[in-house]
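Undergrad: Kindly generate the complete structure, drawing on both the sequences and the hints.
Residue numbers (the working numbering), protein chains in the order written: chain Z, 21 to 379; chain W, 71 to 257.
Derived by calculation from the structure, the hints in this document are not laboratory data.
Check the hints yourself; a few may be wrong.
What the hints assert, rightly or not - Quick partial rundown of chain Z residues pointing at chain W, CB under 7 Å, derived from the structure:
{"hint": "1", "residue": "Gly288"}
{"hint": "2", "residue": "Leu296"}
{"hint": "3", "residue": "Met298"}
{"hint": "4", "residue": "Gly300"}
{"hint": "5", "residue": "Ile305"}
{"hint": "6", "residue": "Leu306"}
Said to hold, decoys possible - Pairs of lysine to aspartate or glutamate residues, derived as EDC-like cross-links and limited to a Cα-Cα distance of at most 20 Å, are as follows:
{"hint": "7", "chain 1": "Z", "residue 1": "Lys315", "chain 2": "W", "residue 2": "Asp190"}
{"hint": "8", "chain 1": "Z", "residue 1": "Lys290", "chain 2": "W", "residue 2": "Asp227"}
{"hint": "9", "chain 1": "Z", "residue 1": "Lys46", "chain 2": "Z", "residue 2": "Asp142"}
{"hint": "10", "chain 1": "Z", "residue 1": "Lys250", "chain 2": "Z", "residue 2": "Glu234"}
{"hint": "11", "chain 1": "Z", "residue 1": "Lys46", "chain 2": "W", "residue 2": "Glu213"}
{"hint": "12", "chain 1": "Z", "residue 1": "Lys250", "chain 2": "Z", "residue 2": "Asp224"}
{"hint": "13", "chain 1": "Z", "residue 1": "Lys218", "chain 2": "Z", "residue 2": "Asp248"}
{"hint": "14", "chain 1": "Z", "residue 1": "Lys46", "chain 2": "W", "residue 2": "Glu218"}
{"hint": "15", "chain 1": "Z", "residue 1": "Lys250", "chain 2": "Z", "residue 2": "Asp206"}
{"hint": "16", "chain 1": "Z", "residue 1": "Lys46", "chain 2": "W", "residue 2": "Glu101"}
{"hint": "17", "chain 1": "Z", "residue 1": "Lys250", "chain 2": "Z", "residue 2": "Asp229"}
{"hint": "18", "chain 1": "Z", "residue 1": "Lys290", "chain 2": "W", "residue 2": "Asp158"}
{"hint": "19", "chain 1": "Z", "residue 1": "Lys250", "chain 2": "Z", "residue 2": "Asp205"}
Stated by the list, open to error - Computed Cβ-Cβ distance ranges for the label pairs, DEER-style:
{"hint": "20", "chain 1": "Z", "residue 1": "Glu217", "chain 2": "W", "residue 2": "Arg192", "range": "54 to 60 Å"}
{"hint": "21", "chain 1": "W", "residue 1": "Leu222", "chain 2": "Z", "residue 2": "Val141", "range": "18 to 24 Å"}
{"hint": "22", "chain 1": "W", "residue 1": "Gly212", "chain 2": "Z", "residue 2": "Gly216", "range": "32 to 38 Å"}
{"hint": "23", "chain 1": "Z", "residue 1": "Glu90", "chain 2": "W", "residue 2": "Arg216", "range": "27 to 33 Å"}
{"hint": "24", "chain 1": "Z", "residue 1": "Ser145", "chain 2": "W", "residue 2": "Trp132", "range": "51 to 57 Å"}
All C-beta atoms in this analysis are idealised placements derived from N, C-alpha and C, irrespective of residue type, glycine included.
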Amino acid sequence: MRFKIAIVLLLMILSTTISTANPGGKGDAIRSRDCAGSCHGSSSTNGSSGAELAIQFQSEVYAGLLTEIETSVSFAEVSSNNMVGLTLLINPDGAKDIPANDGWEIITDPNGGTNNYVEVVDSFSIESMVSQSWTLRAPSNSGNYNLYLAIQHGSPDGGIAMTGISPVQSVTVSEVPENLPRLADDWQPVNSRLLGEKTEITLDTVNTDSVAVELLSGGEIINLEVVDNKFTIPAAVNPGVVQWRVILDGEGPAQTSPWFRLNAVEPGWKVDQTALYMQGFALLILFAGMVLIQKPSSAPNEGKKYDNTAEVNSQFVAIKEESPTQTNTVRPLPAGGLPEGWTMDQWEYYGHEYQGGSQ
Amino acid sequence: MDYGSVGILWPRISRGVPMISAGTFHVITTELTVGTFALSGVAFLLCALNKGPSSRESVAHWALLAGLVATPFAIISGVNATSGEGIDNPMLANKLLLSMTSVGLAIGVLLRRMWGSTVDLRHSCVGMTSVALMLTTAGIGGEYSRGETLLLFIPKDTVMLFPLWASITILALGLLIFAKSAIQHRS
Numbered sequence: 021m022r023f024k025i026a027i028v029l030l031l032m033i034l035s036t037t038i039s040t041a042n043p044g045g046k047g048d049a050i051r052s053r054d055c056a057g058s059c060h061g062s063s064s065t066n067g068s069s070g071a072e073l074a075i076q077f078q079s080e081v082y083a084g085l086l087t088e089i090e091t092s093v094s095f096a097e098v099s100s101n102n103m104v105g106l107t108l109l110i111n112p113d114g115a116k117d118i119p120a121n122d123g124w125e126i127i128t129d130p131n132g133g134t135n136n137y138v139e140v141v142d143s144f145s146i147e148s149m150v151s152q153s154w155t156l157r158a159p160s161n162s163g164n165y166n167l168y169l170a171i172q173h174g175s176p177d178g179g180i181a182m183t184g185i186s187p188v189q190s191v192t193v194s195e196v197p198e199n200l201p202r203l204a205d206d207w208q209p210v211n212s213r214l215l216g217e218k219t220e221i222t223l224d225t226v227n228t229d230s231v232a233v234e235l236l237s238g239g240e241i242i243n244l245e246v247v248d249n250k251f252t253i254p255a256a257v258n259p260g261v262v263q264w265r266v267i268l269d270g271e272g273p274a275q276t277s278p279w280f281r282l283n284a285v286e287p288g289w290k291v292d293q294t295a296l297y298m299q300g301f302a303l304l305i306l307f308a309g310m311v312l313i314q315k316p317s318s319a320p321n322e323g324k325k326y327d328n329t330a331e332v333n334s335q336f337v338a339i340k341e342e343s344p345t346q347t348n349t350v351r352p353l354p355a356g357g358l359p360e361g362w363t364m365d366q367w368e369y370y371g372h373e374y375q376g377g378s379q
Numbered sequence: 071m072d073y074g075s076v077g078i079l080w081p082r083i084s085r086g087v088p089m090i091s092a093g094t095f096h097v098i099t100t101e102l103t104v105g106t107f108a109l110s111g112v113a114f115l116l117c118a119l120n121k122g123p124s125s126r127e128s129v130a131h132w133a134l135l136a137g138l139v140a141t142p143f144a145i146i147s148g149v150n151a152t153s154g155e156g157i158d159n160p161m162l163a164n165k166l167l168l169s170m171t172s173v174g175l176a177i178g179v180l181l182r183r184m185w186g187s188t189v190d191l192r193h194s195c196v197g198m199t200s201v202a203l204m205l206t207t208a209g210i211g212g213e214y215s216r217g218e219t220l221l222l223f224i225p226k227d228t229v230m231l232f233p234l235w236a237s238i239t240i241l242a243l244g245l246l247i248f249a250k251s252a253i254q255h256r257s
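TA: Set out below in structure tokens:
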């Protein structure tokens, strides 16, 4: 019997398949490639993605200033949920590879966050090319820098996780020319807002005489009014992204900023946490009490297995009944009183023997 | 590596150097909780059926106790691991209410046993209910973190939240019942 069970268990183990994909994704985050690419299991179980990956830079990238890059994914055969994980990296080694290690700062990722790893759902297929925009702040030191785009996704048959990385993409970061109109180094765009709320943005500029702001909405460009470097983006009715950019004029050559993305999201779910915690404790105490209030049921014999009190008591009673009482056995004293040297106690116990002997 | 989600536990334990993230710690504590509760559930099922080894009663209660010990760690690490601030999702609220109900039932079962009650069908069913609620909690957690679940038929996005005064009333009532039952059991 045991042998048969062992055979069945062995067959069950052998019939398992290896599935290392993480179909729901891991969520956007700042991740090294080692984590982004092989969190699912051993990296040795990953397949090699056939997708072609590329990064497109702006013609001029200035040290410490904002720039936009476009990443593209072509010929990706993905799983049925059309989800792909994209990672922006500075080397393919899997260590010390996040852009911040070279001084890059991610201002806006394709999903409106500030992460180097994003999960994107789009129409990825063997015949399509999908592009995404990232807004970065270039390293503060000029020079040549490398960037890579890594990818991971499922496979159409749902088997193993696929990973890949682009060839090295080099970019030259130049010193900022004198009098270049630009946004201040410490200025940060707003990435998200709630539905139904207007967004007022204040620009902080350097070497700039005039500013124009363009809003891209539904494929149409709208010029927004800027007063004292402030402008307002109208409230969003539906969740989604609007893009805007700044055109700066000054003594130096005119500059156009990257497209900034403003993500409108629904207000999060809110609850009175005090009431929730109180209800939780109330339920805990109530249900514990309801279980305890039930009439305790004890088995008739259990617990009394070793309790022989009744038996012992009955034996005591029987012994008591069998043994004559002291009052009946005390013989009357002889005419001369207690024998010499006897006490009354001795007479009570041994008087009958004395009388038997003397008779 | 992203240490943004590292909870408040680890810096204290490791003198400021994060060891593992709260998310990883949450996986460990959740596995412990779910595993011991599931073992307890199987043992309670055997008790209800009156089948299996004679150790089933001890296994059911000791496993339930182990699950109870692991539960607070799972809750705290779960709160630390979540990316948002506090409870900002109806599934998290339902997880809290279900797990507290489960813990209440489990405490009741253990105390009842400790005070000498036998493991009859009713006792076993309460134990199994506690286990079922805890496993449902874990199932909702799976849907929250991975977006997938087998518990398709449960309305996880609906939260039955009492007003504060009702919760306080229930709490007082629960304490009253608890105290009364404790006195009854001891007398």
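Undergrad: For every hint, state whether the structure bears it out.
TA: Results for each hint:
{"no.": "1", "hint": "Gly288", "verdict": "holds (5 Å)"}
{"no.": "2", "hint": "Leu296", "verdict": "holds (6 Å)"}
{"no.": "3", "hint": "Met298", "verdict": "holds (4 Å)"}
{"no.": "4", "hint": "Gly300", "verdict": "holds (4 Å)"}
{"no.": "5", "hint": "Ile305", "verdict": "holds (3 Å)"}
{"no.": "6", "hint": "Leu306", "verdict": "holds (4 Å)"}
{"no.": "7", "hint": "Lys315(Z) x Asp190(W)", "verdict": "holds (12 Å)"}
{"no.": "8", "hint": "Lys290(Z) x Asp227(W)", "verdict": "holds (13 Å)"}
{"no.": "9", "hint": "Lys46(Z) x Asp142(Z)", "verdict": "holds (17 Å)"}
{"no.": "10", "hint": "Lys250(Z) x Glu234(Z)", "verdict": "holds (13 Å)"}
{"no.": "11", "hint": "Lys46(Z) x Glu213(W)", "verdict": "holds (13 Å)"}
{"no.": "12", "hint": "Lys250(Z) x Asp224(Z)", "verdict": "holds (9 Å)"}
{"no.": "13", "hint": "Lys218(Z) x Asp248(Z)", "verdict": "holds (18 Å)"}
{"no.": "14", "hint": "Lys46(Z) x Glu218(W)", "verdict": "holds (13 Å)"}
{"no.": "15", "hint": "Lys250(Z) x Asp206(Z)", "verdict": "holds (17 Å)"}
{"no.": "16", "hint": "Lys46(Z) x Glu101(W)", "verdict": "holds (19 Å)"}
{"no.": "17", "hint": "Lys250(Z) x Asp229(Z)", "verdict": "holds (14 Å)"}
{"no.": "18", "hint": "Lys290(Z) x Asp158(W)", "verdict": "holds (6 Å)"}
{"no.": "19", "hint": "Lys250(Z) x Asp205(Z)", "verdict": "holds (18 Å)"}
{"no.": "20", "hint": "Glu217(Z) x Arg192(W): 54 to 60 Å", "verdict": "holds (55 Å)"}
{"no.": "21", "hint": "Leu222(W) x Val141(Z): 18 to 24 Å", "verdict": "holds (22 Å)"}
{"no.": "22", "hint": "Gly212(W) x Gly216(Z): 32 to 38 Å", "verdict": "holds (33 Å)"}
{"no.": "23", "hint": "Glu90(Z) x Arg216(W): 27 to 33 Å", "verdict": "holds (31 Å)"}
{"no.": "24", "hint": "Ser145(Z) x Trp132(W): 51 to 57 Å", "verdict": "holds (55 Å)"}
Checked against the numbered hints given earlier, the structure satisfies every one of them.
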